[in-house]
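For the protein sequence lines, the chains are S and P, in the order given. Under numbering that gives the first Met the number 0, think of the first position of the first sequence as 0, with each following residue one higher. Under numbering that gives the first Met the number 0, think of the first position of the second sequence as 0, with each following residue one higher.
Quick caveat, the hints were computed from the structure, so don't treat them as lab data. Hints are supplied without guarantee of correctness; some may be wrong.
Here are the computed distance ranges between Cβ atoms for each label pair [unchecked claim]: (1) P:S155 - S:S281: 23 to 31 angstroms; (2) S:D287 - P:T212: 33 to 41 angstroms; (3) P:Q291 - S:E270: 54 to 62 angstroms.
Short derived list, chain P residues pointing at chain S, Cβ under 10 angstroms [unchecked claim]: (4) L21; (5) C74; (6) D157; (7) I159; (8) N163; (9) P164; (10) N194; (11) A196; (12) V197; (13) N202; (14) R220; (15) I227.
Backbone N, C-alpha and C fix where the C-beta goes; we use that ideal spot for every residue, glycine too.
Protein chains: 2
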Amino acid sequence: MNEIEIFSPASVANVSCGFDVLGFCLDSVGDVMRISKTKKPGVTIGRVTGQSLPKDPLQNVASVAGLALVKEVGCDFGFQIDIDKKIKPGSGIGSSAASAAGAVFGINELLGAPFTRNELIRFAMEGEALASGAAHADNLAPVLLGGFTLVRSNASLDVIKLPNPSELVATIIHPRIELKTMHSRAILKPNVPLNKAVEQWGNLGAFVSALYTNDYELLSRSMKDKVIEPYRALLIPKFHETRQAAIDAGALGSGISGSGPSIYALSKGEETAIKVGKAMESHYKNLDLEYQIHVSKVNTEGIKIISHS
Amino acid sequence: MNEIEIFSPASVANVSCGFDVLGFCLDSVGDVMRISKTKKPGVTIGRVTGQSLPKDPLQNVASVAGLALVKEVGCDFGFQIDIDKKIKPGSGIGSSAASAAGAVFGINELLGAPFTRNELIRFAMEGEALASGAAHADNLAPVLLGGFTLVRSNASLDVIKLPNPSELVATIIHPRIELKTMHSRAILKPNVPLNKAVEQWGNLGAFVSALYTNDYELLSRSMKDKVIEPYRALLIPKFHETRQAAIDAGALGSGISGSGPSIYALSKGEETAIKVGKAMESHYKNLDLEYQIHVSKVNTEGIKIISHS
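Assemble the whole structure, with the sequences as input and the hints as a guide.
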């Protein structure tokens, strides 16, 4: 195999109750990446469309992640990465994770897949570290493994794939302001009240249980965040109104997607998810602020191969 | 039915990663309670053996919990509670929870069971509040529902029963010092570092997942506590040595049972659990401190009816 074209999906991290540990993979939004073998060793960035991204291999998350993998295996040829970047950087739906995970996935395939998808996470982390200042696997894990994932430990990269109740459909509204993860991380307090932390882990435990038992009502009751959301909500215009509109329109829950500014909702069934999208945009329509709506099933597979040769 | 005799079991709360939310029920340790109808309305404490407990109905957790139930249903007769108290108060294996849960369970049965076991938790909470100063359902839930339980919310008493990997066996060592829950609660800090809280909820999410998938290795990796244990360990003689001895002897994990001083371990299989018990007592044998060892399967049923008439 000399060339591979892949779909590297967007993802939603945190999912209200699981800051830095929980995430799920989207299906209708993602980048298209082509990775090709080159004679010259190393990893280079080729054609970039859709968004403007750094061409310097040491400044681009895709090549930085790819280089981490190449450095470990050692090989006498190289790779070029072409990116059709459809996920906007700073949108809160895992733009850098899609680039980093896509790069290592593609290169791994061209090398004959020496690593499992789970093992690839640690290479992709180097790209994430460049993008966000602190490396977290909560977007990378769902992009590589698909479905819902839990990062038990970011330090040891102990990542678990969770089950996916089949009727869940996500709605995302992306207001066109850019929030750098490092800025939305800086607004957080270094300490949290113990009683709020207890609420949070009670909710996360219940959320995980609900995924196993297809208990949509329990999922709904668990999608709460009193630890992170109160601070990050300050950075997102009309957050509370939009979240409430989603709930009122029938969403099981809604909150900040990753570090924002995108707001996600999860609903039972596509019909409700579409209705929820309409409700969520109602507060943006009258603002002089562009936005985009995505409705997507949970992508249980993660990165998909489009073609190879 | 005029009289009922029940076994009201001990329980382990927190289970390292689930402070105030997680718990499981023991099978080989528990109180025997007899609840009988009386002509005189109200709830009285009759014969108490095993331990010395308050006879004043307003000072005894069993009668306080029972009164909460009786007050709600209203009835023109009353109840007497006889207790053979085998769980030592202040031992950290849910002594007050067994009393409170046993009382409401027995009275509910004598009333024709108007409430489910889950619904009884809120009445038993009134007994727990008397015992610990702050009411938590993390011991009551496993005593009433059996197996492993998760309290999603202490405020709304949203309690979930979790599955129970069949080979899990608990070992408990109870050093004979008494720790009041309110004292071991007072030693905790009101705030926790966000990064420690994230580790904790990553572990709890993984623990819940592992219960569903019978993943003993993942259970083992998840039984960590960097939030509460560092403080409460100070109150327990030889805690770190005992915990380490349990792990070295093959336990999946070990930590403080509830608010201590008991230390619990979970092992795969009874043989290992017995070996773990021997290892745990090695550090107590040379101290001038009494202790007790319990080895117990997880009790999946909770409170059991011994006889009724």
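Quick rundown of the hints versus the structure:
no. : hint                                : in the structure
1   : P:S155 - S:S281: 23 to 31 angstroms : holds (30 angstroms)
2   : S:D287 - P:T212: 33 to 41 angstroms : violated (50 angstroms)
3   : P:Q291 - S:E270: 54 to 62 angstroms : holds (59 angstroms)
4   : L21                                 : holds (7 angstroms)
5   : C74                                 : violated (33 angstroms)
6   : D157                                : holds (6 angstroms)
7   : I159                                : holds (6 angstroms)
8   : N163                                : violated (13 angstroms)
9   : P164                                : violated (13 angstroms)
10  : N194                                : holds (8 angstroms)
11  : A196                                : holds (4 angstroms)
12  : V197                                : holds (5 angstroms)
13  : N202                                : holds (6 angstroms)
14  : R220                                : holds (6 angstroms)
15  : I227                                : holds (9 angstroms)
Violated hints, listed in ascending order, are 2, 5, 8 and 9; each of the other numbered hints is respected by the structure.
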